[in-house]
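Order-wise, the sequence lines are chains A and B. Heads up, this note's numbering is the position in the first sequence plus 10, with the first residue counted as 1. Heads up, this note's numbering is the position in the second sequence plus 4, with the first residue counted as 1.
The hints are simulated quantities; they were obtained by calculation from the structure and are not laboratory data. A virtual CB, placed ideally from N, CA and C, is assigned to each residue, including glycine. It is possible that part of the hints are untrue.
Selected chain A positions facing chain B (Cβ under 7 angstroms, derived; list incomplete) [said to hold, decoys possible]: (1) Asn21; (2) Met30; (3) Pro68; (4) Leu110.
Subject to a maximum C-alpha distance of 16 angstroms in a straight line, what follows is the list of computed EDC-like cross-link-like pairs (lysine to aspartate or glutamate) [claimed, not checked]: (5) Lys443/B / Glu463/B; (6) Lys90/B / Asp65/B; (7) Lys90/B / Glu54/B; (8) Lys343/B / Asp393/B; (9) Lys509/B / Glu119/A; (10) Lys210/B / Glu231/B; (11) Lys46/A / Asp77/A; (12) Lys509/B / Glu122/A; (13) Lys113/A / Glu496/B.
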Amino acid sequence: MGAKVLVVEDNESIRSIVRMVLEMGQYEVVEASDGKQALDCLERHADCALVISDLAMPVMDGYELLDHIRNVMGRRDLPVFVLTAEKEASAVLEHPATRLIRKPFSPIELLEAVRQAVASRGG
Amino acid sequence: MKGRLKTGIVGLDALLDGGSLYHNAILLKGPPGSGKTTVGFQIIRNGIVEFGEPGLVVSFDQFPQQFRRDMESFGWRIDELIAAGKLETLFVSPEDLAPIAAHLESMVVGRIQEAMERIGAIRVLVDSVSHFKRASNDPMVQRALLMGFINQLKTMGMTPILTAELTNRADDLIDFEEYVVDCVLILDLLLRPGHPLPERTMEVRKARGQNHIGGKHPFKFTSHGIEVFPHRMPQPLGLGDLGDRPLGHVSSGIAGLDRILQGGFTAGVPSLVAGVSGTYKTTVLSHFLASGAAAGEPGLLISFEEPPPYLLQVMRQRGIELDTAVREGRVTLWHRVAKTCPLDELFYQLENEIKSRGIRRIGIDSLNDFERCVPEPTRSKDYLILFNDLMTRRGVSALWTQKIDRLTDRSPIGDIRYLSQFDTVVFLGQVEIESELRKVVSILKGRGAKCEGDLRAIECGPSGLVVSEKFHGLAGILEGSPRGQYKKTIEELLQPVISARDFLKMARRDDVSAEQRRLLWDNIDTLLGDLDTRLREQFGIESDNE
């Protein structure tokens with residue numbers, strides 16, 4: 011099994027598709043349906059190499075999750091892919107380790123982006 | 005004596021620009037039950053207790069026991085004041101005033117002089133001088149009699165406080181006693197259309213030799229006497245008037261809403277949340293106050309609709325923690341009933357609360373009910389400006405709610421009243437999208453900040469309200485006829501199609517192992533199966549059951 015990837019998405023259909031893509035690449039998948047659950051997962055799975063997160067989610071959205079990862083947990087080096095259908099990304103998403111993936115996304119492109127991000131971390 | 009004779013009655017001295025002038029005869033005039041005797045005795049009592057000025061009461065109206073009972077209902081200990089040698093009471097039968105002035109001299113004036121000398125009385129209440137009409141049917145004689153009596157009281161060194169019945173309501177008919185006194189206070193009971201309770205008003209009709217505030221001002225009976233609430237007018241704001249005005253923004257308490265507000269509501273100015281019924285307006289208000297309490301900013305919620313216990317229960321169910329803040333005094337809840345809540349009185353209560361508790365955030369729910377409290381509908385905007393002026397001067401961040409009955413136009417801006425009085429206006433609506441009722445939020449006005457005008461979904465989660473995705477590609481939402489593609493539809497229909505296509509491409513590659521190819525076909529099968537199910541549900545087509 012390859013590196014561990016956390017998928018944060020409240021839409022079950024999208025979460026399932028991302029899981030399919032990651033399992034194709036033989037990555038270990040951890041799932042969460044909102045930002046709060048994601049933080050709990052990150053506590054338990056500190057070895058996550060990548061986070062793929064939606065922006066609009068209940069309880070805690072992607073913006074808050076990202077802020078928490080970067081500024082509270084101090085994980086400035088953890089790659090985060092943000093899945094969004096929004097035309098304009100908020101400035102808060104601008105970070106060297108953050109990448110925007112527009113919905114609907116191409117699974118082939120997503121898989122390639124995951125490979126690059128994990129490889130850059132030495133995973 | 006020089007200077008001002010202070011009545012000590014809350015609000016009345018302000019109407020009199022600091023109090024009446026010593027030796028100016030004060031006339032308290034009004035219909036039966038308007039409070040003349042109470043106001044008169046309160047001036048006497050306050051003179052003794054607060055300003056060290058002994059007083060005298062001359063009553064033609066009541067029996068001693070009745071007078072004592074009525075005044076002691078306000079906690080005023082008449083016997084104690086008498087025992088201390090600060091008060092004397094003189095009860096004279098009205099029949100003793102008839103038929104000629106000589107009776108007045110022998111039966112009343114002499115006794116007053118003796119009492120005044122015993123205690124050094126400075127103030128004297130005469131209740132009521134309407135009985136002087138018994139002395140003669142001739143108005144000129146009545147006038148001369150009263151004027152002579154007042155002058156004798158002044159010569160003794162006292163300030164006369166007189167009561168009289170209001171007999172002529174017409175403005176052009178002024179009773180003789182108003183001409184012979186120096187200060188006239190009219191107490192009245194007004195029943196306004198649509199208001200169930202009469203409004204008590206006090207008016208300074210005349211104040212010789214001094215400034216005063218005219219007009220009719222509300223007052224009420226409290227457990228400790230009369231309180232007057234002079235109606236205030238907003239004053240122009242100078243640069244130096246804003247004091248320690250907060251800068252920047254204050255959080256709404258809802259992360260997604262703060263984002264689209266570019267940080268939150270503008271600090272120290274009023275904002276508005278407007279929307280149709282059932283769209284979380286009060287919940288937004290509660291978030292705002294809870295957020296303030298958490299940030300060390302004491303808050304106040306004035307609710308005209310929900311009583312506090314019900315409000316707390318609903319917010320608890322929605323995941324907003326207000327109970328602790330209320331229990332610890334960081335948030336105060338006021339419940340007021342529209343139409344029975346005099347706004348002038350509320351203004352003073354609010355002003356005192358801001359000063360005494362250092363209130364930094366105020367929520368008012370709702371503007372619609374606030375308007376119902378206005379005595380005359382044409383003055384609604386005046387009162388709104390007055391309240392907003394107070395809160396702005398004190399640097400308080402205020403948030404109002406306004407209920408819109410229904411949207412009459414494409415843009416809700418046309419349905420929102422007093423738009424110019426608010427810095428930020430948030431709109432909450434409800435739309436049907438794909439057979440589902442969704443609540444939406446949008447910023448209609450955001451002065452001084454770049455605010456998004458897009459519509460976003462707003463939902464209530466376990467920890468309160470969450471503002472989520474924009475309604476991309478949809479038009480006509482507020483009209484009730486959304487057209488175009490919805491993000492959820494894109495995710496659940498288009499994304500599976502794109503994904504299936506990509507998996508098909510991958511399956512065709514030569515470098516894919518048999519196991520991976522099998523996995524890809526399984527994924528394609530799953531995606532198409534799920535797509536089939538969703539499309540059938542959306543269009544109401546029964547499944548094949550194959």
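Structure-based check of all given hints:
1. Asn21: Holds, because the Cβ-Cβ distance from Asn21/A to chain B comes to roughly 5 angstroms (cut-off 7 angstroms).
2. Met30: With Cβ-Cβ at 5 angstroms, under 7 angstroms, it holds.
3. Pro68: 4 angstroms, holds
4. Leu110: The hint is violated - Leu110/A has no Cβ within 7 angstroms of chain B, the shortest such distance being about 15 angstroms.
5. Lys443/B / Glu463/B: 7 angstroms, holds
6. Lys90/B / Asp65/B: 22 angstroms, violated
7. Lys90/B / Glu54/B: Given pair Lys90/B, Glu54/B holds - Cα atoms ~12 angstroms apart, limit 16 angstroms.
8. Lys343/B / Asp393/B: At roughly 22 angstroms apart (the allowed maximum being 16 angstroms), Asp393/B and Lys343/B break the hint.
9. Lys509/B / Glu119/A: The hint holds at about 12 angstroms.
10. Lys210/B / Glu231/B: 20 angstroms, violated
11. Lys46/A / Asp77/A: 12 angstroms, holds
12. Lys509/B / Glu122/A: 14 angstroms, holds
13. Lys113/A / Glu496/B: Judged against 16 angstroms, a Cα distance of about 11 angstroms means the pair holds.
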